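Novice: Quick note, the sequences are listed as chains A and B, same order. Our numbering puts the first residue of the first sequence at 1, with every later residue one more than the last. Our numbering puts the first residue of the second sequence at 1, with every later residue one more than the last.
Just so you know, the hints here were simulated from the structure itself, not pulled from any lab data. Take these hints with a grain of salt, some might be off.
[What the hints assert, rightly or not] Okay, derived cross-link-like pairs now, BS3-like style, lysine-lysine, Cα gap no bigger than 27 Å in a straight line:
# : chain 1 : residue 1 : chain 2 : residue 2
1 : A       : Lys238    : B       : Lys334
2 : A       : Lys263    : B       : Lys259
3 : A       : Lys192    : A       : Lys160
Every value quoted in this text rests on a predicted model; they were computed, and no experiment measured them.
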Amino acid sequence: MAKNKSPLTRTREPLSNTQMLMFISIGIFAAMYLAAIIFMDSGFEKPQMFFDLLNDNAALIIISCALTIVMITGGINISAGGVISLTAMACALFLNNNGIGSSPLSIFLTLLLALGIGLGFGVLQGFLVSYLEIQPFIVTLAGMFLARGLTTILSRDPVKVTHEGFLQLVQTKLKINWLGYTAPNGALIPAKVEIGAIVAVGVVVLMALMLRFARFGRNVYAVGGNRQSALMLGINVKRTVFWAYVISGLLCGLAGFVFLIHKPAGNASVAMRSEMDAIAASIIGGTLLSGGVGNVVGTFFGAMILATIQKIIALSPLNASWWQDMANGAMLSFFILLQSVVLMRRNKKKDTKNDKNKDIAKERGAEIT
Amino acid sequence: MNKKKNAASGLRQLLIPLIALGILIVFNLIRDVSFFSVEMRVNNSGNVVLAGNLISIIDTASELAIIAMGMTLVTAACGGQDISVGAVGAISGAVLVKVLQAMGGITALSVVAAFAAATAVTILFKLFNGTLVAVFRIQPMIATLILFSCGRSIAYWINGSATPQLTSPIIDSIGKTIPGIPVPTPVFAVLLVALLLVLIFKFTSLRLYTQSVGINQGAARLNGVNPTVVKLISFVILGVCVSVAALIGVSRLGQLNHKTLLVDIEMDAILAVAIGGNSLAGGKFKLIGSVMGAYIIQMLTTTLYAMNVNPVNIKAYKAIVIIIIVVAGSPVIKNALTSLFKKRRPAKAQTEGVS
Chain A
1 MAKNKSPLTR TREPLSNTQM LMFISIGIFA AMYLAAIIFM DSGFEKPQMF
51 FDLLNDNAAL IIISCALTIV MITGGINISA GGVISLTAMA CALFLNNNGI
101 GSSPLSIFLT LLLALGIGLG FGVLQGFLVS YLEIQPFIVT LAGMFLARGL
151 TTILSRDPVK VTHEGFLQLV QTKLKINWLG YTAPNGALIP AKVEIGAIVA
201 VGVVVLMALM LRFARFGRNV YAVGGNRQSA LMLGINVKRT VFWAYVISGL
251 LCGLAGFVFL IHKPAGNASV AMRSEMDAIA ASIIGGTLLS GGVGNVVGTF
301 FGAMILATIQ KIIALSPLNA SWWQDMANGA MLSFFILLQS VVLMRRNKKK
351 DTKNDKNKDI AKERGAEIT
Chain B
1 MNKKKNAASG LRQLLIPLIA LGILIVFNLI RDVSFFSVEM RVNNSGNVVL
51 AGNLISIIDT ASELAIIAMG MTLVTAACGG QDISVGAVGA ISGAVLVKVL
101 QAMGGITALS VVAAFAAATA VTILFKLFNG TLVAVFRIQP MIATLILFSC
151 GRSIAYWING SATPQLTSPI IDSIGKTIPG IPVPTPVFAV LLVALLLVLI
201 FKFTSLRLYT QSVGINQGAA RLNGVNPTVV KLISFVILGV CVSVAALIGV
251 SRLGQLNHKT LLVDIEMDAI LAVAIGGNSL AGGKFKLIGS VMGAYIIQML
301 TTTLYAMNVN PVNIKAYKAI VIIIIVVAGS PVIKNALTSL FKKRRPAKAQ
351 TEGVS
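Chain A with its partners taken away, still in its complex shape (with noise of 0.2 Å):
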């Protein structure tokens, strides 16, 4: 039976952690969140206070995700609070001086000017980690100084967005009637979402489903875990890593895009150290930053717990940014124990299998001898 098993159980070994590790962030979200329903009276029971969090962590969710796919690779990617800021202010720019008035195509330009400079930043780095093979810690932290320094060069003061399209399009909400509440005067005031956390939410779902059944989201997979046999397998390892790190700058680029139809502002120390964020959320989702482990879902729920953390705090008594940063570092090492604690004691459950596999084996030998 163990001889019948043993391939099967074999591939599927990085995804079964994977999900263990993202059930694991499920669970203690959702805790998390019940404890703030019950022991605090801040509103956490409404669905707004939940769609609130989606919408103000659009862009870190959208960015999250674009980690995660890199980090998968066994790559990393720190230059994606730099291409949010860039982004944001070559938009908030061009929007306010292209001269093709409030009409919907120059939202249109504004948006493929966002992921045009995602696209060049995710080409150039792709470019230096997958053919030349550059470290990507140093590839994206040249590509990090690059994008604030051009931010800086192309405004150093805050510039408002005063294009009425696209402020029409900041105030446009999808209102939800029946995840509503009502006011003390009796009105009724409806959920409201914002486009950047439905376009978050497309983005976790559409990533899940490549990274889950797409051939190259396979593939991403393969190259992460180990590169030596995903080029065995005749996996182009060198056009995986590319385009992973293309998918991750196009996203970075949206991120900018969304984070400017929240705050409709481009502003040069935007997103300062939002790439730890987010690679926090990886990690807390349970993607490793060795590779081949790894899951956007698990991301997405990571996201949303540092989000919480910081409105749990900003609405009890001790909201200040430092006892801020200390609950983020508590949290986070506990969860990097608790994931080395859980992938250890599963390493040593596997090795115990397998030494016991080995002894049958053995006994069998013998019988057979």
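Once you have looked at the hints, place chain B on chain A.
Specialist: Structure of chain B alone, referenced to chain A:
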């Protein structure tokens, strides 16, 4: 024979930093020769000191060079980088100032005591990182992400929001110059740390152990090297380096600001390690490469300043230069070049044979 081979491979590793340094020097020579002028000047406190761009480069890069040395060891042993050095440096500075304030006046003795206390605390924090990395087998970047995100908040918690001022001739002589000696003191600190590390490598097997753990942890363990201990030692050494850098950083400005002390130095330090030709995946390392990397980064910044580039925009130009340097040093380009040379050599031999 073997030694010769080693020296050659060592030189090959230093090729990138040497080329980068050469390019920067040639560029500056063409642009403006006065960039290299060094003169004696009387500073504000009436001492005769050396001044000029070169002096300012080796002076300002001191913290970076010191941390880059420690980072090299951690990178070599763990195959990953510590991104919390800036934040832990802020904690170290906060402890230093706190102890100095608690002891009353600033005397040589109290500075030594405060530095010792700060170093002890820094080593504790680094041991926390090191334990996560070595015992719990967490990737270094993730393990240090914790302190990266909350280290500066801990520094704030230790010292409050104020930016305490330290005014004393002793602090000045640590951060700037000692009266009578024209060379800035931080330069001596770099030399001292480098000397200490070289002596450690000379009289112990730490270098060999670190490299063997970095190259193959399992094989090192089977050969009787304890990877956990070696990794922890590398973090302790990095802790001492960070503490020295924090002392210099605090005394250079004569004040502590937990938000700006050693800010962004982790990225520059990792960059210095990479420019120095060290693999970021661990294994063999060369300290001199990292130190050169640190000075190259500072020289680049100073060159850009001298060209009147706006300080906020410097990052973009820095990024372009970094990309050029790493592309020049990338394995693919290197291999292409070496194969080009190899092709040429047999061709030469053939033509010689024919003639």
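Novice: Taking the hints in turn, state whether each one holds.
Specialist: Here is how each hint holds up against the structure:
For the proposed pair Lys238/A and Lys334/B, the alpha carbon gap of about 18 Å is at most 27 Å, so the pair holds. Of the pairs offered as hints, the one joining Lys263/A and Lys259/B holds, with about 26 Å between alpha carbons and a cut-off of 27 Å not exceeded. Our distance criterion of 27 Å between C-alpha atoms is met by Lys192/A and Lys160/A, whose separation comes to about 24 Å.
The earlier numbered hints are all upheld by this structure, with none contradicted.
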